[in-house]
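Protein chains in written order, with this note's numbering: chain A, 3 to 599; chain B, 2 to 97; chain C, 4 to 826.
It is possible that some hints are incorrect.
[To be verified] Heads up, simulated DSS-like pairs for lysine-lysine below, C-alpha to C-alpha not over 30 Å straight-line:
(1) Lys737(C) x Lys677(C)
(2) Lys446(A) x Lys63(B)
(3) Lys470(A) x Lys63(B)
(4) Lys287(A) x Lys677(C)
(5) Lys649(C) x Lys673(C)
(6) Lys294(C) x Lys80(B)
(7) Lys231(A) x Lys300(A)
(8) Lys737(C) x Lys73(A)
(9) Lys470(A) x Lys224(C)
(10) Lys737(C) x Lys546(A)
(11) Lys446(A) x Lys80(B)
(12) Lys476(A) x Lys80(B)
(13) Lys546(A) x Lys649(C)
(14) Lys546(A) x Lys446(A)
These aren't lab readings, by the way, just hints derived from the structure by calculation.
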Amino acid sequence: MEIILGIDLGTTNSVVSILRDGQVEVLAEDGQKILPSVVGLGPNKELLVGFPAQNQWTLAPDRTVRSIKRKMGSDETVRLGEQTYTPQEISAILLRTLKERAARQLGEEIRKAVITVPAFFNEQQREATREAGELAGLEVVRIINEPTAASLTYNPSPDRLERLLVYDLGGGTFDVSIVQIEQGVVEVLSSHGDTQLGGDDFDQLLLDHVCDRFQEEHGVDLRATLTSKSRVLKAVEEAKRQLSFEAFVAVELEFVAEKAGVPLHLKREISRPEYEPLIEPLINKTLVCVDEALSDAKLTAKQIDRVVLVGGASRTPLVHQLLQEQLGQPIHAEVDPDLCVSMGAAIQGGLIVGLDVGPVLVDITPHTLGVQCLGDLHGYRSSYCCAPVIERNTALPASRSEVFYTAQDGQKAAMVEVFQGEDRDVRHNEHVGGFHLEGLAETKQGNEILVRFDLDLDGILTVTATEKLTGLEKTLTIENAMSRFRGEHQEAARTRLEAAFAGDRQAAGPLSAEVPSAESSPTSEVLPPELAGAVGRANELMSKAEELLPGANEQDAGEMRDLIGRLRRAIETRAQAEMESALAELDELVFYMQDAV
Amino acid sequence: MRDPYQVLDVSADVDDAALRRRYLELVRRYPPERCPQQFAEVREAYEQLRDPARRLERELFKAGGCEILDDVIAGMRSKLQERRIATETLLSLAER
Amino acid sequence: MASKSRKRAKGRTNHDPVEQVKRSLDRGDYKQALKDARVWYRQSPGGELRCYLEHAYMGRLQQLIRNGLTDDARRIAGELLDLGVTETAVESILPDVLLAVGMLDRLPQAQGRLTDEDHRRLAVKAADQAVVRPGNTPASMKELRGEAKRIRAALEAVERGDEAGASDQLKEISRQSVFADWKYFIRGLMAYYRKDRSEMEANWGRLAPDRAAASIAAPLKIMAGMPVPEQGVALRAKIARLEAQAAGQSVLSSLIRLRQLLADHNWAQVVKTFRVVRQTLRDFDVDLYQKVIDCLWGSLAREGCLDELVRFSRIADPPALDPRWNRAQAIACENSEYYDDDPRVYWQQYLDDLETLPWLPVSQRNLARGLIWLHLAEDDLEEAVRFRGCPCGRDHSEEVELAMRNAEFCFRACMRAAPDYAPGYMLAARFYREEQRPREAAEVYAGLLERVPDHLDALTELADHHVRRGSARQALQYAIRARDLKPLDKATGELLWTSQLGMAEELGRAGDYDQAREALAAADSVLPMRAADCDVMARKAVLEIKANNPAGARSLVEQALERLEEPTVLWLAMTLAASRYQLKLEEVWLYEERWREALRRRCRSSTAGGMCRLIVETPPAPQADAELSKYARDLWGYVKRCSRVKWNLEDLRAVCEFLGAYDQWSLLMKFVKKGIRRFPEVGYFHHLVGVEEIRKGPLRFNRKRTIDAFQRAILLASASSDPRDRRLLEEARKGLSVVTGMLPGVHSRTSRNCDPVCHWDDDDDDEAPSDGVPFADMTVEAIRELFEQTCARLGLDPEQVIDELNKRGPARTGATAKTKGLV
């Protein structure tokens, strides 16, 4: 049976699991189940991933990248040594490390993966994640939501309806989902969250707290230099973790700074009562989300059977305490908050290949998708109205249509602009794509235009606009980040990634932009892009044609051989016109010979 | 859009519990992973019927229009398209 | 026979035989022409007559082919070939004719004049014929017959559904073969059955347009709903034939006709056509018949065609939900443009119908009746709105009142008919609230709670209602239930807290001190972070005073003072609490005196903030309202003095909220400026700048400044973790939308030559024309510019005009009303 990796690509830690003989297995290496989501360049410019990178971070923060997940979907890039990388590329390095870990453990290469994302990730962030997978050489068969994945590992009672509240507070993101399990069907009723809130923010608050006190005492700001800042940050991270179990912890760092030639040491005791007020506003923010998720699901706290905690930061005692108080019921922590997301992803992978390993999953889209139109906005007529087509919390896959009308007599074209978000004004929402439907019939205003949204399980949206009168139709598939990135850009990124890993294996190879491509084609000449494109298509077509040859009748086979010969000659002589014409003919012949079924 | 009762294969006087049972049964039969098309249809039909008041309100005040006929026509076309045409009939169409 | 002919021919002897044949030919009487020509030619072969004989043969031959008399045609063709063809015109069509009769193999070898093009054409035709009419292909043309046989076998395989078999047959057809066209056709046909449109298009798009396969594909394309350039009569006939073969009759054609009539709004014809086809439809499929009826009555009702609907109802079976067509007629009346058509009559009758509708379960029947009543109530409300907004100038108060009375009646009827339908109650309650009848609204909520005990909105509304009325005991009871349902909700928590405080007051006033203390403790447990607030401490202290426990009171006051920099806030709190707990007036005055005394001191951030918070946040007890505004005035004086205070953020915020609540905008803006300077990272102050700008109205406000302010507020609020900033974010976004909403061109995505689609709200329908005021499409700047130009032309000072307008116009009740009026 085919194996699909289940990957939790977290802000702080990443985990990979598989489903083997009906059992979920977290793949560990050197006894470590988690891979810190840290990428760095070692002293000899070798690539470091995971613990080694994390270890060198305090020493070389400028050569180390952490928490890249918080930048996913943005245009921001990060520096690593002399090179800049997109967030996708850094994530791809992590994914590829996990993929190689799986290959070592299983003795074969696994190419397919289910990757999890926060439920509240938007289209761009999801696409960036998918792209990171592609860069890492993975076929991302599905992107699923983290709380949903976690709920798949929960073992429900078979004969009773159960409602779970999955509270997922990770390193950098927060999600809450209300999940209903009944007769083998797991339905997500609602999701809420904040993609910029997590344990990292706790660290930051604690860091500021410690540094402020230190500054008051010594007049030195420890945040001013990168190394001392990262040392303190590492210390407070550890302190935060300990504060989950102890009432007091000491933060001690020697020679953390210098003042007038005198070395300064940091020595501070932090108590829970001191720490908790710092983070309470953030936790309260999550509670607002919890409340909204409950409202969306039309449920009250009483109707929740179980609270499931996911994500490292959910271990914080204050989270337990406040949730328990607010929901009025005990909090359970029987699933492992660090591993369950990846395990759920592996289960989902099993469901995809058709194993009967778990319940049927019905997930939702947490954001509304709509079309810009003319209408009433806060009591004013405005052309920036957002008319929802697929409302948030709609089950996936979903298809919805909405009828719109032209605003003026004789209107020749209509624009269909698609936005994601809850605001009634499109300008406060995320623009995800759009097109013009041109060539409308010459009629009065009120010409009906049907706009249809098809949102598939991966959140890929297809928009179709049809003029009812004439059947004039236009379709657009929105895969935002992809289209922006595809093509040569992606090729370059992949090469760079290859180079980075090559350097890793040789342990000394420099990582730089001018990596000599060892396996470049025998003719090292550079083709002009058009010709290169034609050659690419020709090669693809010829291999297809050759597959068809054995089953072909004599005449067709003869014609095909002739055409292939022509094409080969044209490629050799770089005769583009001849190549194009032979290409077109061969294309036609291949179409003719293919079986329709 | 097809008639939701037909999609779920339930009668018009189905009670809430039976409707829910039927929906879950169909979801298990057509998981979104493997049968996205059928699932979407089942889900949409269920959404239409799950709130009895909304269901009734729709039926009371909704004056259907051309879209019903468009559906019927499309349905008939689709049904006709499924029937195999005898080769002789087909070839007789060649005459101008 | 020959003699007979001759006799007849002889009857016309005076005519030239050539002339006679020619005339027959011209008439198209080829049979006669051939007869005559044959006879004459036999008598005197050669010359002109031979030419006419050949023509006569050919004419007759073509005629026979057209009439399908193939055997006769073959005989005649044989004769012609025996005779030999010399005429060029005849020679050129000979191959096609021979092809048609299946004698292509006998085409004279001497036909060397055929061009390559002709050969190709002939081959193609022969191939098509070999498929369509295999009997007409001479046995000698083995190759042709062989390939044609494959094509037919493939077609038959498709008919059986054996696609693999069909593909096997087609494998041997090479692309150079004249039968390649058929391969495309058959693959397209498989796609047709599979409903794979793109595959169908790809294959059928490659068909040669003048070949047999293309003309078979055309009607199929239409069946599949694909566009076909020209649709002649012949094509329609083919579709009907296809449909008849598949379905036994041509139902689809009638439906398409009905659809066309609907699209043309030809209602009378719609009804007539339905009369013609109804039986066929019903026989074909009852379900489909019902759907067509639904579509037709719906369309007629939507268009308000009452007369046609009545005519239609006589010939159609009624829908299950509407046995006497009353509902349909009611909806038709609602959409009719004639005022006389009153939907209420029909709705009333429909309500009666519903009572007896046998197949609908009782609960559904009641719900349906409730929904109708609600529908009527909304209709009444709309009527009232219409009368209120009527521009005619006459007094409509009587009509409005009548409509409102009717609406009330309908709401009550709805609740009676469908007592379990919560939205009915909610709408009724909203009606009463908007009518300023809170008592009735509360009754409605209470009624709802009897049926649906866990209705959160009803619980909170009732709690709120009783808090306002000062009946804390009832408020508390509802607030507790609401809190149980939604423990996370802040608003519900505050409601419960307020109710507990009110309860304590009530108990305290009644002398039930222990229970009052318990109530205060309960309030503390609801909002523990408020337990040490001045307000709460003061209440506790006053309670102890009332309970004659001065020591306890003193200790509480001391505790409270410990947390304060100076006692001013506490004295205000004590004053307020004392009057709430109805201490003796002298005692109230005592605290008030202390407070005024303390007010004179140097201003402090914490004192100003604390007092403002008290005044703004303290739930107003009904009897304390007048006093509150008295204290507010003094507080205002204090705040005004606070010019050189080192502000704490929360205090400054509280001061701003106080000034906003009491509409003191000019003073407020001074504090906002301070706020921005001292706390540039707080969105709240920026937001207030925007709000203030909008208040100035469209002619005065500074657009750039407003946009900047809101944008900054949005940016800061979205980065903040303060829960209040969530609300602020919404408000600021709304503000930004309002300011920039009507400005085409601001947004890069709006292009002028491409209008946005308009989302049509049903309700908007009637109002659409009124949006045609000339300002509707102008930017605020453009309006201002126009205004200033006009003023200049008239020699007026724009500022003065605005002042004058502001004096005269409706009071400056806020930006919204003003902006809307202009734009």
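* Asked: Does Lys546(A) pair with Lys446(A) here, judged by a C-alpha cut-off of 30 Å?
  -> violated, 51 Å
* Restraint check for Lys446(A) with Lys63(B), where alpha carbons must lie at most 30 Å apart -> holds, 26 Å
* Could you grab the alpha-carbon distance between Lys446(A) and Lys80(B) and see if it respects the 30 Å cut-off? => The hint is violated at about 36 Å.
* To do: Measure nothing beyond the straight line between the CA atoms of Lys231(A) and Lys300(A); if it is 30 Å or shorter, mark the hint as holding.
  => violated, 46 Å
* Asked: Taking only the CA atoms, is the gap from Lys470(A) to Lys63(B) under or equal to 30 Å?
  -> Roughly 20 Å separates the two Cα atoms, so the pair holds.
* Is the Cα-Cα distance between Lys287(A) and Lys677(C) 30 Å or less? -> holds, 28 Å
* Asked: Would the pair Lys546(A) and Lys649(C) pass a check requiring their Cα atoms to be no farther apart than 30 Å?
  -> violated, 79 Å
* Asked: Lys737(C) and Lys73(A): Cα distance at most 30 Å?
  -> It holds: about 28 Å lies between the C-alpha atoms, which stays within 30 Å.
* Asked: Would the pair Lys737(C) and Lys677(C) pass a check requiring their Cα atoms to be no farther apart than 30 Å?
  -> holds, 25 Å
* Quickly compare the C-alpha distance for Lys294(C) and Lys80(B) to 30 Å and report which way the hint goes. => holds, 16 Å
* 30 Å Cα cutoff - pair Lys476(A), Lys80(B) -> Holds - the C-alpha atoms of Lys80(B) and Lys476(A) are around 26 Å apart, at most 30 Å.
* Taken at face value, is the distance from the CA of Lys673(C) to the CA of Lys649(C) at most 30 Å? -> Roughly 14 Å separates the two Cα atoms, so the pair holds.
Violated hints, in rising order: 7, 10, 11, 13, 14; the structure is consistent with all others.
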